[in-house]
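**Student:** The lines below spell out each chain.
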Amino acid sequence: MIVQQALNALQLGSIYALIALGYSMVYGVLRLINFAHGDIFMIGSYAALFLAVYLNMPIALILPLAFCAVGLLGVTIERLAYRPLRTAPRASAVITALGVGLFLETITLAVVGPEPKKFPALIDLNIITIGAFTATNIQIIIIAVSIALMTALDRLIAKTKTGMAMRALSWDKTYAPLFGINVDKIISFTFAIGAGLAAVAGIFVGLAYPIIDPYMGIIVGWKAFVSAVIGGIGNVKGAVVGGFLLGAVEILSAAFLPSTYKDMIVFGLLLIILLFRPSGLFGVPVQKKV
Amino acid sequence: MGLLLVAGFAAAFVCDTFNLADQYLAQIIMYIGINVILTVSLNLVNGYMGEFSVGHAAFMAVGAYAASFFSVSVFPQNPAFFPLSLFAGGICAAFLGFMIAVPAFRARDDYLAIITLALIMITKSVLENLPWFGGPQGYHGIQKYTNLSGVYLCTIASIMVIRNIVYSNFGRGIIAVRDDEVAANLVSVDTKQVKILAFVISSFFAGIAGGLFAHLIQFINPRTFSILKSTDILLMLYLGGSGTIIGSILGAAIWTVLIEALRFLGIWRFVFAPVALVMLMIYRPLGIMGGREWRLFIPKENDHGRKK
Amino acid sequence: KDSNVISIGVNAELTGSIPVAGKSCVNAAKMAAAEINDQGGIAVDGKTMRVEILAEDNEDKAESAAAVAQKFVSKGVVAMIGPNASRNAVPAAIVAESNKLIMISPWSTIPKLTEKKKYIYRSCFTDDFQGVVVSSFIYKKLKARRAAVLFDITSEYNKGIAEVFKAEFIKAGGAVTAFESYSTGDKDFSAQLSKIKASRADVLFLPNYYNEVPLQIQQARQQGLKGMIVGSDSWGSEEILTLGKDIMNGLYFTTHYAPDMATEKAKKFIADYEAKYGAKPDDVAALTYDAFGMLFESVKKAKSRNPENVLAELSKLSNFPGVTGTMKFSSGSGSPVKSAVVIQIRDNAFKYYDTVNP
Amino acid sequence: MLVIENLHAGYGPIAVLHGVSLHVDEGEIVTLIGANGAGKSTTLRTISRLIPAASGTILYKNENITRCKAHEIARRGIAHVPEGRGIFGNLTVIENLLLATFANRTRSMTSPVINELFDMFPLLGDRRRQLASTLSGGEQQILAIARAFAADADFFIMDEPSMGLSPILVKNVFSIIADINRRGKTILLVEQNAIMALKYSNRAYVLENGRIAAEGRSEDITANEELKKAYLG
Amino acid sequence: MIMDEKNSTKLLFRVNGLSHSFGGLKAVSNFNLSVDSGAIWGILGPNGAGKTTVFNLITGVYKPDEGEIIFKNEYIDGLPSPAIIAQGIARTFQNIRLFKSMSVLDNVRTAAYGNLSYPLWSAVFRTRQYHNWENRVRGSSSAILEKFGLADRMHEQAASLPYGQQRKIELARALLSKPELLLLDEPGAGMNPAELHNLAELILWVRKEFGVTIILIEHRMQLVVKLCDYVKVLDFGETIFDGMTSGLGQSEAVVKAYFGEDQADARH
Ligand SMILES: Nc1ncnc2c1ncn2[C@@H]1O[C@H](COP(=O)(O)OP(=O)(O)OP(=O)(O)O)[C@@H](O)[C@H]1O
Ligand SMILES: Nc1ncnc2c1ncn2[C@@H]1O[C@H](COP(=O)(O)OP(=O)(O)OP(=O)(O)O)[C@@H](O)[C@H]1O
Ligand SMILES: [Mg+2]
Ligand SMILES: [Mg+2]
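Residue numbers (my numbering), protein chains in the order written: chain C, 23 to 312; chain X, -5 to 302; chain A, 2 to 359; chain W, 43 to 275; chain V, 2 to 269.
Just so you know, these hints were derived from the structure itself, not from any lab. Check before you lean on any hint, since a few could be wrong.
Which bits of chain W does chain V cover? Going by a derived footprint, with three or more residues having C-beta under 8 Å, they are [said to hold, decoys possible]: (1) 76 to 88; (2) 174 to 188.
Some chain C residues judged to face chain X by a derived CB distance under 8 Å, without partners named [said to hold, decoys possible]: (3) V25; (4) A28; (5) L29; (6) A103; (7) A113; (8) S114; (9) V116; (10) L120; (11) V122; (12) F125; (13) W244; (14) M286; (15) F289; (16) L292.
Quick reminder that beta carbons are idealized off the backbone N, C-alpha and C, glycines included.
With the hints as extra help, turn the sequences into a complete structure.
**Tutor:** As structure tokens, this is what we get:
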């Protein structure tokens, strides 16, 4: 039972983590809570649906294509909506993000209609049963690919100059160009990766929970944001750990405690974590010297 | 000025007593009033203190449920007791604000956003599980005690109180926390006290707004007070421009009227409205008022004809 | 105000969490109006008048639903159809009642909606009734003694019917072995389902919306849950077949009508609707159509647009042959007495199985 | 090497520079002095394009760079030690240095290069893994200077490099400046410690209210009684 | 009660055995200081010696690992910052920290928070008590600004003023709470010799006018020589010199750690 639940938690956690990464990366660089991110994830799901149903593509093509297309969408959103606000107060940008999110939801609603859509089975389902324990090949693929992507990203940010530049920008953008950093390029890159990962998460949600609708990004988006914060927003490792932790808490609290209180328990735990670690699990408290 | 206020109240009172106003118009005006209270009070925390709280829906919910509980089950069913119920609702909300101010001392910035988000989820979950208030089926049997004059009085009161606080020593403390919390501490501003104060006052008025809302709609359920309610209030606040009272008022009024007036567009108004909002933010990042306060809301003793 | 039309307000959830219901409602409303207008309209006050639909979005928000109702009062509509979700219907009903506006909700099943109200009607049965129906179906027909429930706790409909069912099933002598919940928007139910599996229930009752049910069933089967699964009228959209495909086959749910057993009137409605909108009507569409049918019938009988006259006829309506069954109002209640049907899903289609009378 | 003609610049509506013209020849150390708020930092910021020029031209190695983007200017070999340091507090000392090599694609940060920097500034060597935000004021200043050297630029703009440094480090910094100058680097220096700066520089400009008020060889400026009274105390 | 050990002059402030470390780094160790009323003390030392940390410990930004801080015969170590400030200690910052969105006047007035003597409802209802207090604070704030020559820019945004004037605002703000002990962290940074001269005059005037005792951290010897009666030199958290300013040049340790061998050159 516990092993079974752990696997379920891992699957849900991978998805939260992938989306949380986008939140965290964008936050890390721009100090912007990109509330549109959950909706970008939703667009990712629809993009994959489109590629699969209308263009009949296999999953191996859909993943990279959706990654790129949605990455481009992320870059465009940044270009049009956030870049003009880079020097504006932070709250204006957050509100803009809320606006962009609302726009993405309703435009999808208006264009493809409110009816939920069946996400095609891109991978033939195999159920692997070992005793009382069952796993599906989809679960395993989701978990494996997510972990691979996250590890790659973590390397990128910790070890490469681009990664270092991303972190530098989160501290200060005015002086960064003095060291040859092309701020716009780094920010676009960040958005591309963040949105691309959200698209991957969108596809995975389609595979694991194959019904999608225009509002699917809201709740998952908020939860991913919560994951990012639990881990320490702006921190890649933190986002991953936060995602898995949230997945685990949700599943385990529903599994072993009255499920009616699930939300109360999950968010209560979040409060407690933040009470004891106000900057999240991996967040370094911002220390400015006095 | 004082005369104007009295005249406004008289007008509202007459409309109520003789049922003069068109009911629909009255309803919208009352929504605007309630939204102004919500926005102005959120402004204290998000605008003047510079935090980013998204918890207003929770404070509103507590105010709404508590005030309803008092008016339905505690006090006699009589409009005369309504102010008491309303006040009780405000107090309950303020208490919750006090509770949340404590973790807010520790977390800053966007962590506060998360804490308040959690607060909404928890409040909603509690309301869904509490048997006395009907759970998700909602709280029924609330009387219609909210009327134009009540909303008018509460709106004016919240604006005046918040204006008077902002332009006082407490207000300077609140703004100092926004500008530089560490430095504020080191020039004797008790930042803990300031935060409690801002949160308690802000949530008190959110609670009042909740009570008014409940006794206007006469039915409340947990879903009404979801995160979407908070985002609405946030949109109104930053649309008008945070950090000014006139901005909050304008933001609340414009958003309420716009959504109502464009109702015939159906889905499409939620396609156009966000685009308009984003454009506004780009061209006026500080909102419609652009951070400028209306002279009326600056007390005489603080008005220096603000050189640009 | 145009003095030569009968205007009817539609208070619908076009945005917010149930836009599908809102859209179906408006679609059916437009169709009903078009039909009557094609026949030349309705004779009232000595003239034949056309019907005009004023549809407004209530955003699935209580306060907007109330505002829309208030707006309709100001515009002087003859009656208001909608809102659909109880959370919106209740506040709108309060406005309607105090302004003497006739309101018929197609879809709000919460019993409280029409209690102690003179002007508030609905065209669907209530949670109370349906809860009994499901319970007796499971107990008597399926002969199951151990039932489990998984429901959306944040939604008033789901929770309402789940609780009625639980009480009824226990009263009948069965055991509710697991009573699990989730929140709207959740996609992973594995934890709750494995608890249900561990509780060794014979039957799982899922009183949830059709866009979530296939996910729940799919995950239940993946968890190795083999027993029967039963649903309620919220399954009643053929979308559920597209979304769920094979896994739906063999399952039962209770609802308002069965397309294959339908009357001529219903068949015509289904065909017309499909021709017009390219999709089979769901239960909201059918119930909205019936709400309009009842309203038109009452206006015709009253030969008047005056709400009081219309109301007098509406309250007397008996044996109204609706698409969703025959309805009558009795003892001053705005909730119709009507039968429910049990549908089984076979060969990817809704098949009539049984009728349950109140 | 650098020629500025009739430069106007400011912050939004506030005009600060009203036609500044100056030039720095290859291999020179030139000092810019002036009272608080005269516009010294603004001049430097305009050169490295942290703020745009309203009008006027800036030529670097005979190319017009007035409209170049800030990161392009850095990549052309102009290193700017900004006033207020501009270090990245969330990066460690060593990461701050590594990052600066962004400006110079040909230069990969190999350990000899880092070690050379740490030899130059032993204070930093002990703190290489410390977060820069927790350095003391003077340590941060040293880091800002060291960072400018990391990119191996040809032209250095330094805005008050000695600010907040102890006397021993002030001397140290100046001798390092003299040292890299001997290695062929050109330097434009803004200093409040004017006596010291003039001692090390070839020529100097005096900036007053956004205009060049005087210029000349450093010895002449030092000798000028009027200037001495106003700026040298 | 701590007895006044010394003789005629009044002991205002004493620090005993103060230590603090960050992780493994001992930033301050066993720091002692006794300051008499009216004196000006200088704290010198190489960069990173722990000077600012001492100020942060005194004002409650960090809690000391060890040691006691006694101000006017009361222990203040461990108190929260606002309480310490309210006791009569005020400070400025190494990097200017003004309230950017506020006017100059409001910046200064904010420092009156600790002496607040009207309750919230008094502000809400604008009672006489409120007006009296606010008038008094406004009066004293404008008076200070007047003396600093900032009266005409009182209503401008503080952040838009040039650096030198911002330093003055910080000083004015520090003085508003009527401190007895004033801690200045590198007030002379970024000033040219002429401006340093003026600053020295200003500080001396402040001491006379407000009767404050001053401890300042400074690297600019010109200022130290002109102002300080006594100095203390830190190196790696340890005290390496403690005495009259005039004795500085004689200490070999100081010359070696702080000035560098060529001492004459550095003492400009
Ligand atoms: N970001 C800014 N926004 C508006 N005005 C500014 C800004 N930065 C500087 N100024 C103004 O520009 C003028 C020149 O400033 P600048 O920093 O160039 O002076 P400076 O000569 O470097 O003086 P200092 O010796 O204080 O560094 C000053 O009046 C200052 O108030
Ligand atoms: N929060 C912190 N975390 C870790 N180390 C710190 C922290 N704050 C200060 N330090 C270290 O403590 C030492 C003392 O710092 P402090 O700021 O007191 O120096 P200072 O004497 O004021 O130097 P300066 O003259 O350069 O300002 C420095 O080496 C600094 O790197
Ligand atoms: Mg400068
Ligand atoms: Mg220091």
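**Student:** Decide, hint by hint, whether the structure agrees.
**Tutor:** Taking the hints in turn, this is what the structure says about them:
no. : hint       : result
1   : 76 to 88   : holds (count 3)
2   : 174 to 188 : holds (count 8)
3   : V25        : 29 Å, violated
4   : A28        : 24 Å, violated
5   : L29        : 26 Å, violated
6   : A103       : 5 Å, holds
7   : A113       : 6 Å, holds
8   : S114       : 4 Å, holds
9   : V116       : 7 Å, holds
10  : L120       : 6 Å, holds
11  : V122       : 6 Å, holds
12  : F125       : 4 Å, holds
13  : W244       : 7 Å, holds
14  : M286       : 4 Å, holds
15  : F289       : 4 Å, holds
16  : L292       : 5 Å, holds
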